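Participant: For reference, the chains in residue letters:
4 protein chains.
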Amino acid sequence: MLIAGASGYAGAIAARLVARHPRLALGPLTSRSDAGRRLSELYPQHRVDAVLEELDLDRHADVEAAIVAYPHGAAAPVVAGLRERGVKVVDLSADFRLTDRATYEAWYVPHEAPALLGSAAYGLTELHREAIRGADLVANPGCFPTAALLALAPLARAGLVRDVVVDAKTGVSGAGRAATQTTHFVSVTENVRPYKVGGHRHTPEIEQELAALGAPVPVTFVPHLVPIDEGELTSCYVTPAEPVSAAALAALYAEAYAGEPFVEVVDAPPGVREVRETNHCRIFAHAEARTGRVIVFAAIDNLWKGTSSQAIQNLNLMLGYPETEGLPA
Amino acid sequence: MLIAGASGYAGAIAARLVARHPRLALGPLTSRSDAGRRLSELYPQHRVDAVLEELDLDRHADVEAAIVAYPHGAAAPVVAGLRERGVKVVDLSADFRLTDRATYEAWYVPHEAPALLGSAAYGLTELHREAIRGADLVANPGCFPTAALLALAPLARAGLVRDVVVDAKTGVSGAGRAATQTTHFVSVTENVRPYKVGGHRHTPEIEQELAALGAPVPVTFVPHLVPIDEGELTSCYVTPAEPVSAAALAALYAEAYAGEPFVEVVDAPPGVREVRETNHCRIFAHAEARTGRVIVFAAIDNLWKGTSSQAIQNLNLMLGYPETEGLPA
Amino acid sequence: MLIAGASGYAGAIAARLVARHPRLALGPLTSRSDAGRRLSELYPQHRVDAVLEELDLDRHADVEAAIVAYPHGAAAPVVAGLRERGVKVVDLSADFRLTDRATYEAWYVPHEAPALLGSAAYGLTELHREAIRGADLVANPGCFPTAALLALAPLARAGLVRDVVVDAKTGVSGAGRAATQTTHFVSVTENVRPYKVGGHRHTPEIEQELAALGAPVPVTFVPHLVPIDEGELTSCYVTPAEPVSAAALAALYAEAYAGEPFVEVVDAPPGVREVRETNHCRIFAHAEARTGRVIVFAAIDNLWKGTSSQAIQNLNLMLGYPETEGLPA
Amino acid sequence: MLIAGASGYAGAIAARLVARHPRLALGPLTSRSDAGRRLSELYPQHRVDAVLEELDLDRHADVEAAIVAYPHGAAAPVVAGLRERGVKVVDLSADFRLTDRATYEAWYVPHEAPALLGSAAYGLTELHREAIRGADLVANPGCFPTAALLALAPLARAGLVRDVVVDAKTGVSGAGRAATQTTHFVSVTENVRPYKVGGHRHTPEIEQELAALGAPVPVTFVPHLVPIDEGELTSCYVTPAEPVSAAALAALYAEAYAGEPFVEVVDAPPGVREVRETNHCRIFAHAEARTGRVIVFAAIDNLWKGTSSQAIQNLNLMLGYPETEGLPA
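Residue numbers (the working numbering), protein chains in the order written: chain A, 9 to 337; chain B, 9 to 337; chain C, 9 to 337; chain D, 9 to 337.
One chain only, chain A, in its complex shape:
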């Protein structure tokens, strides 16, 4: 297992999970900014004692699979290089999530490997399990889409989503390791703040997947930064296409996620602490009789189910291992 970009938060957690995985072997760990340093120096808590290297595809592509943990734009050419050499890839960036190139380029940057766009499976495991199983390239979802789509999928598939607002709350690790005024402790503590109002790049990803599930609606999505490290809650406010009773709602969600090892439909609003450092998503759905609205909450760890542990979940499928292997129960 190559991990390209192992010095970021997501890459480092991926390295930790691979290092403790019973079937995966930790291969090269690369970093654009910290080559030469030990990962354990950057993240003592992960206890992965390996030296970070400069990525060199000629040397490092001698692996079965890779996780690419690069920023959008920078990921595409690396992914392309790995695919050319026959390496299976889970890409954590946004580069292969949007199937429409124009949409990608409208929200991000010019795409450097558009030929691969159609070949990637969208890595929201619970919704695309079979496609992932056969895929050589998986576009791991954004953290917000992971939570929002797991929250909304049962309603969308049932044709019940007429309109939806997604109000999300996320920890600071979602902003990445870069030290900025935004991530400075003093800016964050005792604060709550909406950001990228009306323009967060996860919006088209949520819309694309909702449409595929049967709900082709424009989505209002607003993330808020809260003073926690890891964790993400999406509060989804749905105007249903027709009235939904509490009993019908409960049945819909119970059935949708029966047997899922990592989705827990619960009977009280979840807190993000309940899923911290796990691959679990906790979902609570409520039918508000007074307004007719349906409210669905989903809690995940943005760096785990929202990114790195979901990547392992996908890798397990791609490599023919049990889906839960190496993921703490």
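Source of the hints: derived by calculation from the structure; they are not laboratory data. Treat the hints with care, as some may be off.
Stretches of chain C that chain D covers, calculated by requiring three or more beta carbons in the stretch to come under 8 Å of a beta carbon on chain D [claimed, not checked]:
#, region
1, 170–180
2, 202–208
3, 226–233
4, 238–252
5, 275–281
Keep in mind that this is a model prediction, so the values were computed, not measured. For each residue, glycine too, the CB sits at the ideal point set by N, CA and C.
Knowing the structure of chain A, use the given hints to seat chains B, C and D on it.
Facilitator: Then chains B, C and D, alone, in the frame of chain A:
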């Protein structure tokens, strides 16, 4: 100035503000749980060195005005007793906010002083300034209604609110001084959690006042607990009755709050730290072209503008003082 | 495995560790305050779905071993009852840590099972491994003594401790699950506060064990509450009996902990995040040339190595299992 | 009033205090990094609506007094330039605190204005009030020395300090506004970490002033970073030159600070929240009978009494105003 219930978070801040107010004199401070202790022992940070007493209306009603900081239900008889003795009252509880007794009793408890229900002015100063000026009894609003109504009033008055979701994030001080599993540090830190989904008691208060402003709509209101002390953000998602342009929206809010000393219409999403320990409310309104929705954020300090400093603002009006007196600029 | 007192923070983590342990089987979980509730309801994050019961020694003592997670004073009779029935016990309370009854009773309460005092091994695994291996009763150390003694043992054994100050910083979970003004989020956030100055009950425990190691000195020990959940740092300021060079100090610590699976001697001051939710203790020792002082820091998770995971480490030895079994690497 | 370096945390608070000061007028605010931006954009919470400029001594020195909030090394030439133009200066940097040039240069950098070294008063107001009153240049103390020296001065003056360890806990704002891995929220939350062990630059400053007070002893000083914004606690462990009784200790501190407007000798260990955003220092002294040690705690807000509000306190004296003017009671 009598402050009944000065040992709670709100009462103690009221005491601090009165103690530093250039025209108000601190009178008796009473407490049901901590009589005999010094307020400075409970709240060293407030530096109000007075002994808490058991409330005795016969002795303590010899004042021009009082702030009653009791829980709902317990407040009504004390307010009634003070009014019988001619004392002007700002009541921080919910007991006189809802004008309809049946609604009050459906959401709270049997009302012990229903005769006074009609006589109270609703103390959201910016919206009811003239009524407050002449009032002997002011029902200070709830913290969530304060923020939500300031956010929504311009749209409601313009007849533009067809539908609204209020997603609120609040600090732990809103839960009061009582030590519970909910307020335990270990339960709160690194956590975000929705609560009272579909049933928070501030809902009918928001609906009553929105209707009075011109928007008789059922409201979905969901509060979330975040790991901060003081501070509250309401994110209001409005489906407008007709399209609203960004320019029209900006003009609507600028005009609505021109000249208001404590409402700041800002041009970027506010964080709650910006209003901490102030009587200010910061509002940002955004017209989302892609969805046609209008999103309005309001940030306040739940214990200040959301409770105690707004009480002082109201008292200033009731007693004929300048509205901003004693409130830090 | 019986866990008596599984509804507290320490007991619940013990239950989580036992549930995932490859050789231990989770037996009855008891609670004095929450019998009848599910542990997963109290601690969703632990994912241990078992019903808490009232302790009934006649029914529950049919186990090979037990962890008793009761407060001091309440633990002694339960431990005695279990020992009478032949159950091996790790006691998390202070009841069997102090070997001198008079000292125990001076700092705590009258002892209800003094006959057992001499029979307990002191469960600081790294310092008493052989005694623990043969023990039927292990007195698990306090969290502060665990960190302070691991920090000081190499110096004490070398006869180098003439005088010592232990300044400790601890997270709120150390105060337990009880909701009090002290543990209220609003009291803790943005605060740092010393407590029990000159009188913390872990003082005689540190002194007893230091004396046994060769340093019979009175200890100044002052804990401070900091706004974190789990984690504890002890900063130990030692006036050495004779000058200690940096090289000699490094050699002393390297040798003392060579081969220890859970003690990491590191070359930079550790942060408590590095050991969160692990059984590890990180130690950094510094010889301050300017003053001649030796400064040693030890970081642990107060609920893990400071309590529950150390209990598992001890149980492994008592039951003849590999010492690291069931403890995340 | 010129404030040079108003875009840093300390300079911005100084600007806020000057803006609300009844006798001081806010003059130019300068910034090396943010000239052209409004201070209210950087710090909305301070509500100081002024544009930051590039410093130009020829234009900006037309003021009676200035606060220089530059890093050490950079401050000296600016201070020299202002003094040449007759401007009274409070310098927040370390550049004029150490009277011995060699000591300064050993701990800091080559000094660019050594001629001024002797002319500065050390601005720990309570200890040097008369010198400050007549001074044209005041070297405002470091935050740690402020707390440590107020804690230790009564003992030092009484000849009672034979040996001392200062263990300090500080909030993140002490590291300044620069965004680094150290100040990243994710690095700080749920963490406690010692730093600059054995080598913090405030050490010689504490030693210099202790010696001047009568305690020429080497000091062990270790700061720890804790997850709070503003606030600092110094825990001072003193081996007294002769036994000190509790009564004598209480009398010593009561007498030392009688009448001081900003030093509060309290009878329980203080938390830093009690002094947040104030110019107060809270001190608690304890004689530990068991060990003979004296333990003294001092709590301040590192950006207020530790920096900016103490600068205003000093300016008040330098300009002949009442010492407490413009400082919230």
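Participant: Compare the structure with the hints numbered earlier in the document and write down the numbers of the violated ones, lowest to highest.
Facilitator: Nothing - there is no hint that the structure violates, so all of them hold.
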